[in-house]
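Participant: Taken in order, these protein sequences are the chains called A and B.
Residue 29 in the working numbering sits at position 29 of the first sequence; the count goes up by one each step and never skips.
Residue 286 in the working numbering sits at position 191 of the second sequence; the count goes up by one each step and never skips.
Since the hints were made in silico from the structure, they are not lab data.
A portion of the hints provided could be inaccurate.
As the list claims (entries may be wrong) - Some chain A residues well away from chain B (every beta-carbon gap over 10 Å; in silico):
no., residue
1, A6
2, A22
3, E30
4, N86
As the list claims (entries may be wrong) - So, partial list: chain A residues that the calculated Cβ filter (under 8 Å) puts toward chain B:
no., residue
5, A12
6, R18
7, L52
8, N79
9, P81
10, V90
Beta carbons: idealized from backbone N, C-alpha and C, even for Gly.
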Amino acid sequence: MSLDAATVRRIARLARIRVEDAEVETLKSELNAILGYVEQLDEVDVDGIAPLASVVQLGLRQREDQLSDGEIAEQVLANAPDRIGNFFAVPKVVE
Amino acid sequence: MSPFDLTIAQAAKALRAKDISAVELTTAYNGAVAALNPRLNAYITTTPELALEQAKAADARLKAGDATALTGIPIAMKDLFCTEGVRTTAASKILSPFVPPYESTVSAKLKAAGAVMLGKANLDEFAMGSANITSAYGPVENPWKRREDADAKLVPGGSSGGSAAAVAARIALAATGTDTGGSIRQPAAFTGLAGIKPTYGRCSRWGIVAFASSLDQAGPMARNAEDCAILLNAMAGFDEKDSTSAPQPVPDFTQALTRGVKGLRIGIPAEYRLEGTNPEILALWDKGIAWLREQGAEIVDISLPHTKYGLAVYYIVAPAEASSNLARYDGVRFGARVDGVDLIDMYERTRAAGFGAEVKRRIMIGTYVLSHGYYDAYYLKAQKVRNLILRDFSNAFGKVDAILTPTAPSAAFGLGEKMDDPVTMYLNDVFTVPASLAGVPAMSVPAGLNAEGLPLGLQVIGKHFDEETVFAVSAAIEQAAGFAALPEVRAK
Numbered sequence: 001m002s003l004d005a006a007t008v009r010r011i012a013r014l015a016r017i018r019v020e021d022a023e024v025e026t027l028k029s030e031l032n033a034i035l036g037y038v039e040q041l042d043e044v045d046v047d048g049i050a051p052l053a054s055v056v057q058l059g060l061r062q063r064e065d066q067l068s069d070g071e072i073a074e075q076v077l078a079n080a081p082d083r084i085g086n087f088f089a090v091p092k093v094v095e
Numbered sequence: 096m097s098p099f100d101l102t103i104a105q106a107a108k109a110l111r112a113k114d115i116s117a118v119e120l121t122t123a124y125n126g127a128v129a130a131l132n133p134r135l136n137a138y139i140t141t142t143p144e145l146a147l148e149q150a151k152a153a154d155a156r157l158k159a160g161d162a163t164a165l166t167g168i169p170i171a172m173k174d175l176f177c178t179e180g181v182r183t184t185a186a187s188k189i190l191s192p193f194v195p196p197y198e199s200t201v202s203a204k205l206k207a208a209g210a211v212m213l214g215k216a217n218l219d220e221f222a223m224g225s226a227n228i229t230s231a232y233g234p235v236e237n238p239w240k241r242r243e244d245a246d247a248k249l250v251p252g253g254s255s256g257g258s259a260a261a262v263a264a265r266i267a268l269a270a271t272g273t274d275t276g277g278s279i280r281q282p283a284a285f286t287g288l289a290g291i292k293p294t295y296g297r298c299s300r301w302g303i304v305a306f307a308s309s310l311d312q313a314g315p316m317a318r319n320a321e322d323c324a325i326l327l328n329a330m331a332g333f334d335e336k337d338s339t340s341a342p343q344p345v346p347d348f349t350q351a352l353t354r355g356v357k358g359l360r361i362g363i364p365a366e367y368r369l370e371g372t373n374p375e376i377l378a379l380w381d382k383g384i385a386w387l388r389e390q391g392a393e394i395v396d397i398s399l400p401h402t403k404y405g406l407a408v409y410y411i412v413a414p415a416e417a418s419s420n421l422a423r424y425d426g427v428r429f430g431a432r433v434d435g436v437d438l439i440d441m442y443e444r445t446r447a448a449g450f451g452a453e454v455k456r457r458i459m460i461g462t463y464v465l466s467h468g469y470y471d472a473y474y475l476k477a478q479k480v481r482n483l484i485l486r487d488f489s490n491a492f493g494k495v496d497a498i499l500t501p502t503a504p505s506a507a508f509g510l511g512e513k514m515d516d517p518v519t520m521y522l523n524d525v526f527t528v529p530a531s532l533a534g535v536p537a538m539s540v541p542a543g544l545n546a547e548g549l550p551l552g553l554q555v556i557g558k559h560f561d562e563e564t565v566f567a568v569s570a571a572i573e574q575a576a577g578f579a580a581l582p583e584v585r586a587k
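From just these sequences and the hints, can you work out the full model?
Facilitator: In structure tokens form, the structure reads like this:
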């Protein structure tokens, strides 16, 4: 299976990456080379094999429900492009 | 002895004996960084003043008798570790304005031990690459040169290429790296260094810019196994801030260095003898086998039958996790932003301008393999094969104590080579990726030079949380190899 130009555009849209028309053909061939390579997994029999998401077999730990930090507004906002008081000032993100 | 020829162990001794002060040592390294970094581009950000301040504090600690094995040791920090008050870019444009208000756990531990930070080392963008050519801050030059072609620029490997070049060129005494599919081991091999990727969970990932969270692991890169052990002693340990950090006690890894290999069973996996592998690499592997046998190890032929699928699994799982991790870079609350006509346009323009080509490719592959209709065929399938790869190792470690393989399929290659398509570059990681997928510790040690005079490494793979055996075997190889060659470009 190989990707066509429309699918490349759709993936770019899902990934929120702007792709110019001139880039589509190159991206298409690069992505197809990678997908072509990984298709060799089709020959592996995985019947009855569980998917492995992590080699760490621990359950998630839970911490005590206690305040451990806070009162660090200046640090939290240190990288904000813009601020109003102790708030991030951002472009309109809810439309 | 020149301060540039010292190992960590030797420097620590010299500092205690007052043969040299931490300020003198750091001043020498600051000078070497200033002289060689413009050429090598091993650091994205240098921090000479901070280093000097830390060196002064180190001298005070040495005087007070409160020094650790790392107090006053000047190191390079891969620019993937968040460092409080020091810009952290992950070699990406999108993080170019980012100055973390906090310190990663691993760098905080090194700081607390008294290590001196010379600067933030260059890397592939978001640690995605095998040649340090995807950095938005330019490629890194390998200080090693081909004997017959000293003008050709070679790559230092990646993604920890800046760390590798800095230590090899003696503009850092040691460095931190991170390894997701070989990013410590392959550059260590390309630059004649020792480097270990510890067991997944051994070092905290907290404060390290995330690439593929189920694989990322921090580790040291240094001139020999002993220095790596000293560094890992300080870097390792449980951290409640990382949900996959292992609550395992940390042994003194330096104690394992002199254990020897007598009676150890060393596995040699048939599947790593790939067709078309450079005969020099195979010959070095055979030498390594002979060295261990001579020192009393028992050599055992083993099979890791799913080895050949490692790369394919990796190039599904790692991009999938990356596409999720890198979704946070949207230009809203931090990082670079490019304005657009509406919200989605702003996201798309920000990410198109902020990410380089390799990062975009991996995000797109990851997005695709996780997308509706393709998840089962790609991502779920890859996770199942990953389980088979883990099983291969578990079965092998029922029979052997450690596994010996080459680290990389070639020596350092030229800048601009292996660029035909992304897969050609990915093949660099063929020997390192399986251990990453299984989460087992693996170390590269320099074992010889090829006919062109470039270093080659051997890889020692151990059981989960058995870095000690890895160190024992690596130290034995190191001793037998007697690797003493030095790169062309270096501080003297």
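Participant: It remains to establish, for every hint, whether it holds in the given structure.
Facilitator: For each hint, the structure was consulted:
With 10 Å as the threshold on Cβ separation, the claim that A6(A) sits away from chain B holds: the shortest Cβ distance comes to roughly 13 Å. No Cβ of chain B comes within 10 Å of the Cβ of A22(A); the nearest lies about 13 Å off, and the non-interface call holds. Listed as a non-interface residue, E30(A) fails to keep its Cβ farther than 10 Å from every Cβ of chain B; the least gap is roughly 6 Å. For N86(A), the shortest C-beta to C-beta distance to chain B comes to about 14 Å, beyond the 10 Å cut-off, and the non-interface label holds.
Satisfaction of the interface hint for A12(A) is found here, the shortest Cβ-Cβ separation to chain B being roughly 6 Å, below the 8 Å cut-off. Hint status for R18(A): holds, given a least beta-carbon distance of 4 Å to chain B, under 8 Å. Given hint, L52(A) at the interface with chain B, holds; its Cβ is 4 Å from that chain's nearest Cβ, closer than 8 Å. With 8 Å as the threshold, the beta carbon of N79(A) comes within range of chain B, its nearest partner Cβ sitting at about 4 Å, so the hint holds.
The closest approach between the C-beta of P81(A) and any C-beta of chain B is roughly 6 Å, which is under the 8 Å cut-off, so the hint is satisfied. Because the closest C-beta pair between V90(A) and chain B is about 5 Å apart, less than 8 Å, the hint holds.
Comparing the model with each earlier hint shows a violation of hint 3 alone; every other hint is respected.
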